[in-house]
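Visitor: These protein sequences, in sequence, are chains C and G.
Taking UniProt numbering, the leading residue of the first sequence gets 1, the next gets one more, and so forth.
Taking UniProt numbering, the leading residue of the second sequence gets 1, the next gets one more, and so forth.
For the record, the hints were derived by calculation from the structure and aren't laboratory data.
Because the structure is a prediction, the values reported are computed rather than measured.
Any given hint might turn out to be false.
Restraint ranges, calculated between C-beta atoms of paired labels, are given here [stated by the list, open to error]:
hint: 1; chain 1: G; residue 1: P50; chain 2: C; residue 2: D176; range: 19 to 25 Å
hint: 2; chain 1: G; residue 1: K223; chain 2: C; residue 2: E103; range: 23 to 29 Å
hint: 3; chain 1: C; residue 1: E136; chain 2: G; residue 2: K204; range: 39 to 45 Å
hint: 4; chain 1: C; residue 1: D171; chain 2: G; residue 2: K186; range: 51 to 57 Å
hint: 5; chain 1: G; residue 1: N189; chain 2: C; residue 2: Q129; range: 43 to 49 Å
hint: 6; chain 1: C; residue 1: P202; chain 2: G; residue 2: K106; range: 29 to 35 Å
hint: 7; chain 1: G; residue 1: P188; chain 2: C; residue 2: V208; range: 49 to 55 Å
hint: 8; chain 1: G; residue 1: D89; chain 2: C; residue 2: N189; range: 54 to 60 Å
hint: 9; chain 1: G; residue 1: L136; chain 2: C; residue 2: D176; range: 50 to 56 Å
hint: 10; chain 1: C; residue 1: W11; chain 2: G; residue 2: V219; range: 49 to 55 Å
hint: 11; chain 1: C; residue 1: Q129; chain 2: G; residue 2: T113; range: 54 to 60 Å
Quick reminder that beta carbons are idealized off the backbone N, C-alpha and C, glycines included.
Given next are the chains, with one letter for each unit.
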Amino acid sequence: MAEELKLFRTWSSPYSLRVVHALKIKGLEYETIFEDLSSKSASLLQYNPVNKKVPVLVHNGKAICESLVILEYIDETWKQCPLLPRDPYEKAKARFWAKFGDEKLSSSIWNVLISQGKEQEEAIAAAVQNLKLIEEQLQEKKFFGGEKIGYLDIAFGWTANLISILEEIIDLKLVDEEKLPLLSAWMQNFSDDPVIKQCWPPRDKLVVKFQAMRESNLKTVLSQ
Amino acid sequence: MASEDVKILGAWPSPFVMRPRIALNIKSVNYEFLQEQFGSKSDLLLKSNPVYKKIPVLIHGEKPICESLIIVQYIDEVWDSGHSILPSDPYDRAVAKFWATYIDDKWFPGLRTISRAEGEEAKKAAAEEVTAGLVLLEDAFIKCSKGRSFFGGEKIGYLDIALGCFLGWLRVTEKMGNLKLLDENKTPNLFKWAEKFSSDAAVKEVMPETGKLMDFAKVLLAKSKAS
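Let's have the full structure, built from the sequences with the hints guiding it.
Guide: Structure representation (structure tokens):
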């Protein structure tokens with residue numbers, strides 16, 4: 001039976017991109033459905049009625065939601081190119097740091113995007129602290145997964161893409177090569193990987209999008 | 001591995017701490033329960049969970065594992081005694097993990113909102129959201145249990161633990177707010193499940209008694225009003 005594999009995503013969603021990365025690394029064929037979140041398709045609402053969000057992976061009619069849950073599903077279903085570590089303790093650490101990335105780290109990066117002046121300075125200091133914690137997990141490895149890209153590299157992938165865009169918009173460096181040398185190298189290695197490289201959304205479009213998000217959030221703060 | 005030292009850093013009122021304790025009970029693994037003093041954090045906690053400084057933490061040998069649901073998965077992967085906590089089928093696992101995330105990210109914060117709500121209107125609105133969430137979970141229960149007693153089937157599993165740990169606080173919120181949240185009419189399956197879960201051998205001894213929890217909640221409330 002031919003496998004049916006569909007991914008509901010948007011062009012820019014970093015969470016959707018995680019699933020794209022995993023599917024490509026595993027060498028899987030799939031159909032992409034691009035969603036417009038301001039006008040969600042009936043299919044998306046049917047497959048993800050609870051959160052109504054992307055990404056959603058549909059495998060032979062069964063919908064899997066939440067990007068990190070999808071990553072684990074993909075890894076358990078297709079055994080080639082394993083993404084998660086085998087060892088339970090290493091696995092627990094990978095899951096812990098992926099969650100940290102999605103909660104503490106991403107909100108601290110968001111705070112840098114939507115602030116300015118003194119507030120932004122403080123936001124940057126907090127973000128850099130969090131980035132230092134991530135860097136400590138790399139130790140001397142090329143990737144968080146070791147020699148090859150794994151679950152945690154994919155989970156952190158958004159940083160390799162979006163932080164440089166943020167830096168361009170605010171004209172300030174967050175990941176300084178001197179202060180965060182290992183993380184800086186990882187971002188380069190991850191971005192240059194041939195499988196990852198082909199998936200990045202168009203950079204100029206992303207800059208426009210995040211610039212607009214910054215401006216609308218700054219305006220909201222000023223008008224309060 | 002089973003002969004290595006197993007410790008849980010936690011506190012008896014915490015629903016999150018209940019989760020790994022239930023999991024270890026399912027696996028019949030003996031552990032030392034080190035309780036944190038309310039209002040202060042021990043050196044061991046700060047050393048084992050420097051990022052969040054929160055309970056629970058499982059310390060297995062020298063290895064600290066943090067975040068309650070991550071700990072439960074770790075326990076399931078390390079010990080194969082008792083029964084499996086996560087389903088064996090990848091899709092069923094994904095469904096269980098999805099709902100556990102929903103419970104932690106959306107449903108439980110809603111439960112907390114009730115106790116913090118100012119005024120009857122706000123309390124009523126918050127309660128309605130919690131009940132609406134339980135209706136979704138009732139539907140999930142029907143799909144996951146496939147006619148059996150628990151989300152996990154014949155025996156309690158990951159999703160039972162993820163939701164069941166909040167039953168004590170749910171009951172306290174109902175009593176203190178004079179509300180009905182787990183409604184026998186709206187969510188008949190969950191209503192029955194709640195009883196079965198609470199009396200399960202792996203759960204009974206770690207589920208705080210409602211009266212004791214309510215006394216604790218009153219102390220908490222008084223402290224938060226004073227500050």
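Visitor: Each of the hints needs a verdict: does it hold here or not?
Guide: Here's how the hints hold up against the structure:
no.	hint	in the structure
1	P50/G to D176/C: 19 to 25 Å	23 Å, holds
2	K223/G to E103/C: 23 to 29 Å	26 Å, holds
3	E136/C to K204/G: 39 to 45 Å	41 Å, holds
4	D171/C to K186/G: 51 to 57 Å	54 Å, holds
5	N189/G to Q129/C: 43 to 49 Å	46 Å, holds
6	P202/C to K106/G: 29 to 35 Å	33 Å, holds
7	P188/G to V208/C: 49 to 55 Å	52 Å, holds
8	D89/G to N189/C: 54 to 60 Å	35 Å, violated
9	L136/G to D176/C: 50 to 56 Å	45 Å, violated
10	W11/C to V219/G: 49 to 55 Å	52 Å, holds
11	Q129/C to T113/G: 54 to 60 Å	30 Å, violated
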